[in-house]
Amino acid sequence: MIIIDAPQGSDEWLQARVGKITASRCKDARDRLKPAKGETVGKPSSKCIQYAAQVAVERIAGRPLDKMFQSWQMREGQTEEPHARNAYDVETGNVVREVGAITTDDGLFLYSPDGLIGDDGLLEIKTLLSAEVILRVIGGGDLSEYMDQCLDGLWLTGRKWIDLCLWAPALAPIGRELTIHRITRDENAIEALEADLLAFAALVRKNEELLRRQAFVPDAELEALAA
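In terms of this note's numbering, the sequence shown is residues 1 to 227.
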C-alpha cells in the first residue's frame, strides 16, 4: 500500500490517478447486464466497457484523456468538505489524518479517502445538495450509491471500518446536516468485490495489450474482449 500526500484535485493527484482503477469508479467497473438465459453472470455493461477502455488508453498515454469536468455540485462539495470534516471531528472526537490517495503496491488500484482515522478507520464524506438525493439518502437511508466505493476503500487499505459522513447543509435549520453511517468489513461482500475488480483489471489488460499489438482489430476479437 502506497500513500500519496498530494492534495486532492491538484495536478499531482490527477496524474497519480492516471491508468489506475479508482474506488470512485468501482460501481462502473462492476456494472454488468442482467444475465441472459443460461448465464450465471451478466456481460459487462457499456459503462464497464467504456471505463475499461479509458483506463487502458490512459496507461499508454501516461496522462488523463480529458480534463476532469467539475459540475457546480462538485465545486460546492469541495467548498463544503472542510465544514463536514470539522462537524465530524466535533461529533465523534476522532482525529482525522488527511491524505491525497492510496494505491495498491502494484499500482493497479487507487482510493482517495477523505481521511484516515487511527489504524483501523476511514472517512468518506458525501455532500448532498439535490433535494431528491437528500430525501432518498437521509430520509430513506438508501446508501447503495456509495457502498461500492466504501467497500473498495476497506478492501484496498485492509482497514476495519469506514464512517460514511453524509453532509446536507440544507438541513441545518433542523440540526440534521450531519449523518454518520459506520460501515464495517463484510468479508463476503469484499471477496465478491475483489473478484469483480480483478476481472475488470484483466479486461483493462487485454485492451492495453490489444492496442499495443495491432491497429486493426477483427470484429470477432472485439466481441471476445467484451464477453
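Because the hints were derived from the structure by calculation, they are not lab data. Worth double-checking, as some hints may not be accurate.
[Claimed, not checked] Derived EDC-like pairs (lysine to aspartate or glutamate); straight-line CA-CA distance at most 16 angstroms:
| no. | residue 1 | residue 2 |
| --- | --- | --- |
| 1 | 27 | 208 |
| 2 | 27 | 194 |
| 3 | 20 | 145 |
| 4 | 20 | 66 |
[Stated by the list, open to error] Computed beta-carbon distance windows for the label pairs:
| no. | residue 1 | residue 2 | range |
| --- | --- | --- | --- |
| 5 | 136 | 211 | 33 to 41 angstroms |
| 6 | 104 | 62 | 15 to 23 angstroms |
| 7 | 34 | 118 | 37 to 45 angstroms |
| 8 | 86 | 182 | 25 to 33 angstroms |
| 9 | 212 | 170 | 31 to 39 angstroms |
| 10 | 2 | 191 | 17 to 25 angstroms |
| 11 | 147 | 175 | 39 to 47 angstroms |
| 12 | 195 | 2 | 17 to 25 angstroms |
| 13 | 94 | 147 | 16 to 24 angstroms |
| 14 | 37 | 182 | 34 to 42 angstroms |
| 15 | 2 | 118 | 36 to 44 angstroms |
| 16 | 91 | 186 | 22 to 30 angstroms |
| 17 | 118 | 39 | 40 to 48 angstroms |
C-beta: ideal position from N, C-alpha, C; glycine also.
Right, here's what the structure says about each hint:
1. Taking the CA atoms of residue 27 and residue 208, the gap is near 21 angstroms; set against the 16 angstroms cutoff, the hint is violated.
2. For the proposed pair residue 27 and residue 194, the alpha carbon gap of about 12 angstroms is at most 16 angstroms, so the pair holds.
3. A hinted pair counts as satisfied when its Cα atoms are at most 16 angstroms apart, and residue 20 with residue 145 does not qualify at roughly 21 angstroms.
4. Note on residue 20 and residue 66: the hinted pairing holds, with a Cα-Cα distance of about 15 angstroms set against a maximum of 16 angstroms.
5. Hint check: residue 136 to residue 211, Cβ distance near 40 angstroms, so the stated range 33 to 41 angstroms holds.
6. Separated by about 19 angstroms at the C-beta atoms, residue 104 and residue 62 satisfy the suggested range of 15 to 23 angstroms.
7. Residue 34 and residue 118 have their C-beta atoms about 41 angstroms apart, which keeps the hinted 37 to 45 angstroms range intact.
8. As the Cβ distance of residue 86 to residue 182 is approximately 19 angstroms, the hint placing it in 25 to 33 angstroms is violated.
9. At roughly 49 angstroms, the beta carbons of residue 212 and residue 170 sit outside the given window of 31 to 39 angstroms.
10. Residue 2 and residue 191 have their C-beta atoms about 23 angstroms apart, which keeps the hinted 17 to 25 angstroms range intact.
11. Between residue 147 and residue 175 the C-beta distance comes to about 26 angstroms, which lies outside the given range of 39 to 47 angstroms.
12. Judged by the Cβ atoms, the range 17 to 25 angstroms given for residue 195 and residue 2 holds: they are separated by roughly 23 angstroms.
13. One distance hint, 16 to 24 angstroms for the beta-carbon pair residue 94 and residue 147, holds here, with the actual separation near 21 angstroms.
14. For the hinted restraint 34 to 42 angstroms between residue 37 and residue 182, the CB-CB distance of approximately 40 angstroms keeps it satisfied.
15. The supplied range of 36 to 44 angstroms is broken by residue 2 and residue 118, whose beta-carbon atoms lie about 20 angstroms from each other.
16. In this structure the supplied range 22 to 30 angstroms holds for residue 91 paired with residue 186, their Cβ-Cβ distance being about 24 angstroms.
17. The beta-carbon spacing between residue 118 and residue 39, approximately 43 angstroms, falls within the hinted interval of 40 to 48 angstroms.
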